[in-house]
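J.: So the sequence lines, in the order shown, correspond to chains A and B. Residue numbers for the first sequence follow this note's numbering, so the first one is 28 and each next one is one higher. Residue numbers for the second sequence follow this note's numbering, so the first one is 39 and each next one is one higher.
Keep in mind that the hints were calculated from the coordinates and are not lab data. Careful: at least some of the hints might be erroneous.
[Stated by the list, open to error] Here are some chain A residues pointing at chain B (derived, C-beta under 7 Å):
| id | residue |
| --- | --- |
| 1 | M85 |
| 2 | P132 |
| 3 | A135 |
| 4 | T213 |
Ideal Cβ placement from N, Cα and C applies to all residues, glycine included.
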Amino acid sequence: MSRIQARFEALRRAGRKALIPYVTAGDPDPQTTVPLMHAMVEAGADIIELGVPFSDPMADGPVIQAACERALRHHMSLRRVLEMVAEFRRDNDETPVLLMGYLNPIEAMGCAEFSAAAQQAGVDGVLTVDLPPEEAGELVAGLRTHEIDPIFLLSPTTTDARVARIVEQAGGFLYYVSFKGVTGATRLDVDAVAEKVGHLKSIAALPIGVGFGIRDAESAARISQVADAVIVGSALVRHIAESTDHPETIKDKVAEELRAMRAAMDAKQPAAAVS
Amino acid sequence: MSTPTEAMAPPHFTDLPDANGHFGPYGGRFVAETLMEPIEELRQAYEKLKNDPDFQAELDRDLHYYVGRPSPLYHAERWSNHLGGAQIYLKREDLNHTGAHKINNTVGQALLARHMGKTRIIGETGAGQHGVATATVAARLGLECVIYMGAEDMKRQSSNVYRMRLLGAEVVSVESGSKTLKDALNEAMRDWVTNVDNTFYIIGTVAGPHPYPAMVRDFQAVIGREARQQIQAQAGRLPDALIACVGGGSNAIGLFHPFLDDRDVALYGVEGGGDGIETGRHSAPLCAGRPGVLHGNRTYLMEDDDGLITETHSISAGLDYPGVGPEHAWLKDSGRARYVSVTDNEALQGFHDLTRMEGIIPALESSHALAYATKLAPTMRRDQIIVVNLSGRGDKDIHTVAAHEGIEV
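Make the full structure from the sequences, and use the hints.
T.: This is the structure in structure tokens:
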């Protein structure tokens, strides 16, 4: 069983929902990232999603674009992201780590070489934003060979026929994009998400995480009532952006935001109180 | 059902792309999941209208009465004699409405947008020619229009920015990344994914996710179809070579495509060599890049060892792009077309040569094709023929040329 599967299984038994924070690796500088990952675990993160900085992050809004630019100023690269995961793994062998990024840096390294290096570093899942299942054969084969879950996106425009095709290739969990738009936008409609996620659960067996537009403890809690996982990115990266002059304060600010989300989510789950 | 022999026979170049939008290993669809279904709807709508005689008649009418087609094929005799080799004919896309080939495509896509019931048009632009051509057709059809343009390009092409605004378009300055065409494309994609219900994205070149490379090519292929008839009418035979500049590659593929199966016609695509390929400051992915994935398709890209897209340079804003249409990538690998580059300075010389010798001020993009013609023509016989695509007029570039020469206009 993969670390991601094991984590969802344990959460299900405990009656809790997964909290998945996203930060861009190397933002605002490479020294910040690994300590920040540990701080997020301590604050209640169940899975860590690490963004691989890319020069042309087409699916991201201004907050994560700026994060990529800050990281790239420090010459971050996919190889250095893998080094960070390996460093994190020295002190944490349990928390799943998921990479989120764009295809070109992976292709530049080579799908097979990347998959092997990612497994070696301790990566558990890879989400490639601009790689739909139609084109994903080579990378998915590489990831599967190295026991890494290929994570795929679903969106409000995804038809049932496409869901079936995506589920064939997907592992770990399904990442439902809550609205039509880019990361960090403010268009979250919880009722619409609930309806779509309910439908997806009826046709797909994997756990379903919801991301895009979750900005605070309240929206995290509401989404946790309808989904298996809550993914939060821009709301955390915003704290990093505000603290680039004092990177030593970033850990505390991000952890504080996460703890509030964790508490609000757990309060909505009756089973969590008894576990 | 195909016999084994047919299955093994090499495909005609004009058969591509395949059903999934692939030109050999290039092309395809590499976009976020939210766009996959809308892109498929676009493909279906286009496939249906492409073979609809009423739609084609409507398009032909617009191309004739609004764009001014057919554009002339002009024998540049004085310039040909000066170079002392092959006879050079210019396909005068600069004489189209709005001054470049870009309108052939925007007229077609705008008709498609209207048939699909979309009320809002977005586009990206580098030199501003595609932006102007998009704002023009949006004004004519009464559609809302937003154009994304890199902040750097807005400085270089301020008169085109004003033209777009006169036409009623909102021009959004893109401040991210290198502030040029690739960043404008990123921003247009972000708008599209957000407003996909009512918005039609008119991509200006033969790149992007399937069906854009094939669809834009089909709309631009009118250039080559006309040129093929015109040269036969004027010279009694097909040309020996075609030359066109390549940024994304829409004017080049438009000229080349109807000649792809005429194997005796040599095809030359000319990329922006900037300060010279050896300096690294250029916009020549086919000459000096490698295959990768950007903006929805697999193609040749300018990227570093980590797969990050590198900044490009060309004196011509329309060539300043790190990728290229996937069909060009395929034509390069298959050897059917040859891709070369000329430097900024060589392009400027081509600009001046044509202006002084033929009384035609060419766009800096097209000047790259002209500069390569000055190299190729003298190596050929006087009874041989080159057709150069004069893809746009140079009025928009006079400030750039003047500034480069230290002149204040």
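J.: So, as I understand it, the hint says T213 of chain A touches chain B; can you test that by seeing if any CB pair is closer than 7 Å?
T.: At 12 Å from the nearest chain B Cβ, T213 of chain A fails the 7 Å test, so the hint is violated.
J.: Would you settle whether the hint for M85 of chain A is holds or violated, based on the nearest Cβ-Cβ distance to chain B being less than 7 Å?
T.: M85 of chain A check passes; min Cβ-Cβ to chain B is 5 Å, inside 7 Å.
J.: Just to be careful: measuring from the Cβ of P132 of chain A to every Cβ in chain B, is the smallest value less than 7 Å?
T.: At about 4 Å, which falls below the 7 Å cut-off, the nearest Cβ of chain B leaves the hint on P132 of chain A intact, so it holds.
J.: Quick check on A135 of chain A please, does its C-beta sit within 7 Å of some C-beta on chain B?
T.: Status holds, d = 3 Å.
Going through the hint list in order, the structure does not satisfy hint 4, though it satisfies all others.
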